[in-house]
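K.L.:
These protein sequences, in sequence, are chains A and B.
Counting from 1, position 366 in the first sequence corresponds to residue 833 in the working numbering; the numbering is continuous, with no gaps.
Counting from 1, position 18 in the second sequence corresponds to residue 25 in the working numbering; the numbering is continuous, with no gaps.
It cannot be assumed that every hint is accurate.
What the hints assert, rightly or not - In the BS3-like style, the derived pairs of lysine-lysine whose C-alpha atoms are separated by at most 30 Å in a straight line are:
| hint | chain 1 | residue 1 | chain 2 | residue 2 |
| --- | --- | --- | --- | --- |
| 1 | A | Lys488 | B | Lys471 |
| 2 | B | Lys114 | B | Lys161 |
| 3 | A | Lys627 | B | Lys471 |
| 4 | B | Lys172 | B | Lys114 |
| 5 | B | Lys161 | B | Lys40 |
| 6 | B | Lys404 | A | Lys488 |
To be verified - With the Cβ distance kept under 7 Å, some of the chain B side facing chain A (calculated, not the full set):
| hint | residue |
| --- | --- |
| 7 | Val442 |
| 8 | Gly450 |
| 9 | Ala453 |
| 10 | Ala457 |
| 11 | Met458 |
In case anyone wonders, no lab produced these hints; they're calculated from the structure.
Glycine included, C-beta positions come from ideal geometry on N, C-alpha and C.
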Amino acid sequence: MLAWTIYLSFAGALVEALLPKNRPALARWFALVVAVAGLALALLSFAAGATNHFQRSVIVDVPWVSGMGIHYLLAADGISLVVVLLTGLAAVAGVLFSWNIDLRTNEFFAFFLALIGGVYGVFLSYDLFLLFVFYEIAIVPKYFLIAIWGSTRREYGAMKLALYSFVGSAMVLIGLLAAYASSGGHSTGLVELAHAGLPASEQMWLFPLVFTGFAILAGMWPFHTWAPTGHVAAPTAASMLLAGVVMKLGAYGCLRVAISLFPRGLDPWGWSFLGIGSWRDVFAVLAVIGIVYGALVALAQTDFKFVIGYSSVSHMGFVLLGLVTLNQIGMTGAVLQMFSHGVIAGLLFAIVGRIVYERTHTRQLAELETMHLSKRLPFASWAFVLAGMASMGLPGFSGFVAELQVLVGSWVAKPAWTVTAGVGIVVGVAYTWRALQKAFFSDATPSAHVHEHGHELAAITWPEVAGTVLLFGATLAVGLYPRLLLDAIEPAVKTLLAGGVR
Amino acid sequence: MNYGELFRVTLPETALEIAALLVLVVDLGFLRKAALNVRAGAAALLGVVGCAAALWVMPMQPMGGYFYPGTGEVLLATGGTAAAAQIGILALTALTLLLLIDSTFTKHVGEYVALILMAAAGGLIIAAAQDLLVIFIGLELLSLGLYILTAFAKRSGASAESALKYYLFGGMSAAFLLFGFSYLYGITGSTDLHRIMLGLYMPNAATASPLLYVALVMIAAGLGFKVAAAPFHLWVADTYEGAPAPAAAFIASVSKVASFALLISIGAAAWHIFDGMNGHAALMLGFVPEPQNTWLGFHASWTRVLMVLAAVSMLVGNLTALAQISVRRLVAYSAVAHAGYILLGLAFFSYGPRSAEAILYYVLTYGLTTVGAFAVISVVERATGSDRLEAFSGLHKRSPLLAAVLLVLFLSLAGIPPLVGFWAKFNLFAAVLNVQPGGAALGLVALAIAMSAVSLFYYLQVMKRAYVLAPADETPIALPPVTLVLLAFIGIAVVVLGCFPSLLQGWIAGFYGGM
Chain A
468 MLAWTIYLSF AGALVEALLP KNRPALARWF ALVVAVAGLA LALLSFAAGA
518 TNHFQRSVIV DVPWVSGMGI HYLLAADGIS LVVVLLTGLA AVAGVLFSWN
568 IDLRTNEFFA FFLALIGGVY GVFLSYDLFL LFVFYEIAIV PKYFLIAIWG
618 STRREYGAMK LALYSFVGSA MVLIGLLAAY ASSGGHSTGL VELAHAGLPA
668 SEQMWLFPLV FTGFAILAGM WPFHTWAPTG HVAAPTAASM LLAGVVMKLG
718 AYGCLRVAIS LFPRGLDPWG WSFLGIGSWR DVFAVLAVIG IVYGALVALA
768 QTDFKFVIGY SSVSHMGFVL LGLVTLNQIG MTGAVLQMFS HGVIAGLLFA
818 IVGRIVYERT HTRQLAELET MHLSKRLPFA SWAFVLAGMA SMGLPGFSGF
868 VAELQVLVGS WVAKPAWTVT AGVGIVVGVA YTWRALQKAF FSDATPSAHV
918 HEHGHELAAI TWPEVAGTVL LFGATLAVGL YPRLLLDAIE PAVKTLLAGG
968 VR
Chain B
8 MNYGELFRVT LPETALEIAA LLVLVVDLGF LRKAALNVRA GAAALLGVVG
58 CAAALWVMPM QPMGGYFYPG TGEVLLATGG TAAAAQIGIL ALTALTLLLL
108 IDSTFTKHVG EYVALILMAA AGGLIIAAAQ DLLVIFIGLE LLSLGLYILT
158 AFAKRSGASA ESALKYYLFG GMSAAFLLFG FSYLYGITGS TDLHRIMLGL
208 YMPNAATASP LLYVALVMIA AGLGFKVAAA PFHLWVADTY EGAPAPAAAF
258 IASVSKVASF ALLISIGAAA WHIFDGMNGH AALMLGFVPE PQNTWLGFHA
308 SWTRVLMVLA AVSMLVGNLT ALAQISVRRL VAYSAVAHAG YILLGLAFFS
358 YGPRSAEAIL YYVLTYGLTT VGAFAVISVV ERATGSDRLE AFSGLHKRSP
408 LLAAVLLVLF LSLAGIPPLV GFWAKFNLFA AVLNVQPGGA ALGLVALAIA
458 MSAVSLFYYL QVMKRAYVLA PADETPIALP PVTLVLLAFI GIAVVVLGCF
508 PSLLQGWIAG FYGGM
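The shape of chain A in the complex, shown without the other chains:
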């Protein structure tokens, strides 16, 4: 059943490409139907998984290239189900927040659905070759979504994103080929490769190579620079997808491929320098730097969207930190943070890029300050207040549970990481507060310049309300009752820690 999320998305993309050009409404509704169908499938499978105690279940297993042991193998465990659910949510919300796209509408949704199909594919693949294929399929639509429909420096942002992604995937491909060759070239299945017994010396270089390759897409410092420029250049729906699911592709790859297949690569080197004695320490330090650095840079931005862009780098740092804690609570928190950040960042980008920018035509905080948006766009203001609270990690929202777990996990592993990451949380409160205050609740006197442009802002439309409610409901549901997802994540993490993929 879950495999149909992939097929539906790709078929939808193909149909969209063939739809007549001058019927934007048709293209929108069709995309919405496809996205909702995907979400429904994800929800049904999640419910079905719950009755099954979230055991790993094989969905499809067909020999693909028989001579080389490559299988078309789709399977899902609890982690996959959670991220698939996130993809479904992001897809529906993305379509809703692109309701105003009038330029080449059918092509926009064709690329959009192709991207979604690739993302579903990555999350469901249990064969490394297949996973890689889907991973690369997701790169090209991103480029066109940004380059054609984007804004600020879109061609630059799009090309930077495409090249960063491709360099990352090139590193993964080298790792894939090397692991495949040295395991004897019998299979590219994740399970088989994990049991191939690759020598520790080999895992020692394969792990950092593949982890870095994936982490580039997860926005790991210092390879994060594509993220802010890409997010800012992208049209709203693409920013939502980039922050919401594409960065998760990277984190998911780190977990599913790098950590599961090359666990010995995390072993201590036997010597240490400044307290760094293994690749695990290296990546933890990079993650912590990302958390603090992203938050500090977000504090200094003048462009509203850049604030959110850098906050993504900061929040994704928590995911990476959680992954390298290598303990149950930290890794569970990392997966939960993937979901949480996906939903919250989507919401923030939607408010900034769609609800506010499409009406005010500026994202400069200095200009927004003079517009009194809290009075003129009360819906946007209160939505941002709530989303900001979720983003800060206030109790009651999903971010709180996730980041708390990551911090507890990293305290167990190394208290210094938690202390430093805690600084990031404090700064996180500051930048969210600053943006909120400047954009919506500033009482700066409106200048004469604004009075000239003081036309009525367009009313909020139903797709915007629906999308906001959907994403907000998701973060609130998980925040209030985290067991909803934890029940799915915990067994999968436990299996993973107990000895790689099974």
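Guided by the hints, dock chain B onto chain A, whose structure is given.
P.N.:
Here is chain B on its own, set in the frame of chain A:
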């Protein structure tokens, strides 16, 4: 000498030559007064029929090939990789012939088709040849045809200029090749590939190793020219730019398949030296059938030469392509890069059929993709009069199908799954690592993958023009029917073969099994 046997082995070549003569007769005799498009259509169709006839007579060739009378020395092989390459050559020739129908660069369509067929016959000989002299004859037959084809747009100065450059470089490299061949003959006393390989392991050859190096470098220069490997690639950009599009497509596809088939023959001969001998003889020579580990003989030195060529080609091709503003030159430099990837597969050649299959898969699908790319370029050129990047601006608006095919073809060349170019690369690199899972092989594979990340940039430059930028001129581009069918076919083939790699791979492997 058994001429009957020789005739049976060369049946496909004969079919092509007969078709070439028929085309001349029909075009210059019967259709003299007809309109140009009728003549072009008739000539191209006759050419395609000739290719089909050559395919049809292939099964009538005797098994094993043609032997030099009285010895076990094969002159022309049949079956195996040779047959797979020959079928590929014939199919690609037919496709490039179809490109002629909608072209207007010449009035002499009969001569054009006849030359293509004769050059293709040269390609068939190269793919099957197992003897230095036969190899050289085949190469010259192919090359002479290519020089004329390059110059075929008589009204274009660029065409004449590029043909002269191509000819001068080609003549020089043929001289190098012959010089290298003469040294090989001098060291081993034979022109048969297998005997040469064996002779190089003999004690008296070991003392002549400096000569062997000279010979190998000369041969690498000669063949490197044919496959467009750097640093012997200087002709490529000019020829691809100046030649008429169908001729350029022929040079980029058929000529490459033939030359790489020859390199496969050389690699296979170097590996299978002792296949015909008993174990005792091999033991006497102190030979362990893993020439990778020995510094004796042909294999080790050849590997080193090819490694250098591969690395230089990947670097030069990809980095130079970054700076191009003409799409034809961009495709030309990317051809150098692709030659580098394939040479990597030849440098680490497997004892079993794995490498040969991967290389054939790569070069056949690459040929197919390139023919499609040149078809797109020629349509755009006819509509805009230029092959500059700007000429592709807003292509998606002017012709959505053309833009979509271009997208598929260029993404395939860049190695994006699920298109065929990705699988070709993966399969090739996996074959390389299968021979040597670490060390130099791994380093070069890493370089190749890093370089294909670079290549995405310049392919995206074209895609950006086609899909992102606004057109300077919004008039729709009409696709002529034959080109339309051809492009749709190639586009679908690139997607389908990429999604189901076993189709073509199984087909190629079937040939090897039958050998």
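K.L.:
Decide, hint by hint, whether the structure agrees.
P.N.:
Okay, the hints, checked on the actual structure:
| no. | hint | verdict |
| --- | --- | --- |
| 1 | Lys488(A) to Lys471(B) | holds (20 Å) |
| 2 | Lys114(B) to Lys161(B) | holds (10 Å) |
| 3 | Lys627(A) to Lys471(B) | holds (13 Å) |
| 4 | Lys172(B) to Lys114(B) | holds (24 Å) |
| 5 | Lys161(B) to Lys40(B) | holds (21 Å) |
| 6 | Lys404(B) to Lys488(A) | holds (11 Å) |
| 7 | Val442 | violated (9 Å) |
| 8 | Gly450 | violated (10 Å) |
| 9 | Ala453 | holds (5 Å) |
| 10 | Ala457 | holds (6 Å) |
| 11 | Met458 | violated (9 Å) |
In summary, the numbered hints that this structure violates are 7, 8 and 11.
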